[in-house]
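Top line first, the protein sequences correspond to chains A and B.
For the first sequence, my numbering assigns the number 1 to the initial residue and increments by one for each residue that follows.
For the second sequence, my numbering assigns the number 1001 to the initial residue and increments by one for each residue that follows.
Treat each hint with caution, since some may be false.
Straight line, CA to CA, 16 Å or less: simulated EDC-like cross-link-like pairs of lysine to aspartate or glutamate [to be verified]:
# : chain 1 : residue 1 : chain 2 : residue 2
1 : B       : 1043      : B       : 1243
2 : A       : 32        : A       : 120
3 : A       : 182       : A       : 120
4 : A       : 44        : A       : 25
5 : A       : 3         : B       : 1266
6 : B       : 1262      : A       : 209
Residues on chain B that point at chain A, a partial pick, calculated with CB under 10 Å [stated by the list, open to error]:
#  : residue
7  : 1171
8  : 1174
9  : 1226
10 : 1228
11 : 1229
12 : 1232
13 : 1247
14 : 1250
15 : 1255
16 : 1256
17 : 1258
18 : 1265
19 : 1269
20 : 1270
21 : 1271
Read the hints as simulated data drawn from the structure, not as lab findings.
Every residue gets a Cβ at the ideal spot worked out from N, C-alpha and C, and that includes glycine.
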Amino acid sequence: MTKVFVHEVEKLKKRILTLSSQVEENVALAVKALVSRDADLAKKVIASDTEIDRQEVEVEEEALKILALYQPVAMDLRFLTAVLKINNDLERIGDLAANIAKRARRICKVPEVVIPPELDQMAVKAREMVHNSLTAFVNLDANLANQVREADDEVDDLCKVVSDFVAAVGQKDPEHLSTYLKMLLAARNLERIGDHATNIAEDVVYLIDGVIVRHQSLDEED
Amino acid sequence: MNAEIKMKQATRFAGQKENVLSRRAHVKAEDFSVFYGNFEAVKQVRCEFAEGLVTSMIGPSGCGKSTLLRAINRMNDLIPSCRAGGTMTFDGEDIYRKDIDVVSLRMRVGMVFQKPNVFPKSIYDNIAYGPRLQGISNRNQLDGIVESSLKQAAIWDEVKDRLNTNALGMSGGQQQRLCLARALAVKPEILLMDEPTSALDPKATAKIEDLIGQLRGQYTIIIVTHNMQQAARVSDLTAFMYEGTLVEFGETRQIFTRPQQKQTEDYITGRFG
């Protein structure tokens, strides 16, 4: 393909990497706002989501332009389809971060309640998954992508623990039930972030090996 | 009442394809080489062209793909310094055997070239030329062949009212479809196409590509093309050749999404050289 094509692809790569770092940062800040009860920070995260949405549209337009003008095949085609799908997941992760920030804002307004350590662990794990899935994308690292896919179960398990905690504490302390439910919703958002990171990891595997690994566990592939 | 509602099970899904690699080989090359003097243009190629499917051959200029194509109906015999090695079989018979009648071979293996090469005769006579050589002289029979061939080549409606006008007055796209009709008139089993649309505009190209789709199944079609998207669009199988060697041969959708050889990847993504 021509130098122009290579240049266009490089440009697209830069755009999606900018978007991914912004998304990663928003996840981190949203969690921080929730844990440290920082309403201003939460507000900032919510506001910056429109910027993520704008960037997502730009990446999509660029990718579609390249598909239409250069009709790429093989690795180039896999790269562009991966970009389109990852772009989608990043935008959703951005939305979920904004949702967490919204819960954080509300939680800030009510008296403090006990936050189970598992919620913290979930936040760390989900952020790590997002980070690793994007690193796997940048470095074309299938091993790292597969580690992300494995980690998804851990986040799901932690979410279950938080859910059980809320169920139990809600009976003992019904006065603060609404706060606990907001916390549970935040946990659920983190769990969804893990799912989107897994999607990204699966797209990375497709990009590298050309094999669609969705809807199957790692054991099945072996 | 607990009536169980069962959804009808889908047996075929969109995009689900038969295993094209398991089709019977119609033409088979085994360690097949073609030499121009001392130069080995096709180097010990091994491949099978499946019956009723479309196979495209791609590769840079001078890679031997046209030479290999022309070897299938022994067109290369016309070049004095050219000779073949290894075997090329058609329906199990070695077509380079001494007692093979080349004329009857070429009737079974039709060919369409890059530039339309209509005869300076009427449209009717262009189509009737081959059948007449085969000894058919009955006017009704010839009329039938002319009509069915032109219909198969999707040009009947455009020319039915001017069958006796000179074929050279047709547009390039029409001439190419006429050539295709002429090739079909002698009822071949295999159609070889050497860059059949490189001289045509996108609309005429689309017509030829549609035709290839319609003829698929009835004929074994082998097409040489420089247009990679065309290979991807029309063929079931793709062969990639480089410097006389068959580098990769496989299902078209596999070749264009995840080629196995680096050379193939480099060529189809345009990173060659």
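Do the hints match the structure? See the list:
no.	hint	result
1	B:1043 - B:1243	holds, 8 Å
2	A:32 - A:120	holds, 10 Å
3	A:182 - A:120	holds, 15 Å
4	A:44 - A:25	holds, 12 Å
5	A:3 - B:1266	holds, 14 Å
6	B:1262 - A:209	holds, 13 Å
7	1171	violated, 27 Å
8	1174	violated, 28 Å
9	1226	violated, 14 Å
10	1228	holds, 7 Å
11	1229	holds, 6 Å
12	1232	holds, 7 Å
13	1247	violated, 14 Å
14	1250	violated, 12 Å
15	1255	holds, 8 Å
16	1256	holds, 5 Å
17	1258	holds, 3 Å
18	1265	holds, 5 Å
19	1269	holds, 5 Å
20	1270	holds, 3 Å
21	1271	holds, 6 Å
When each numbered hint is compared with the structure, violations occur for hints 7, 8, 9, 13, 14.
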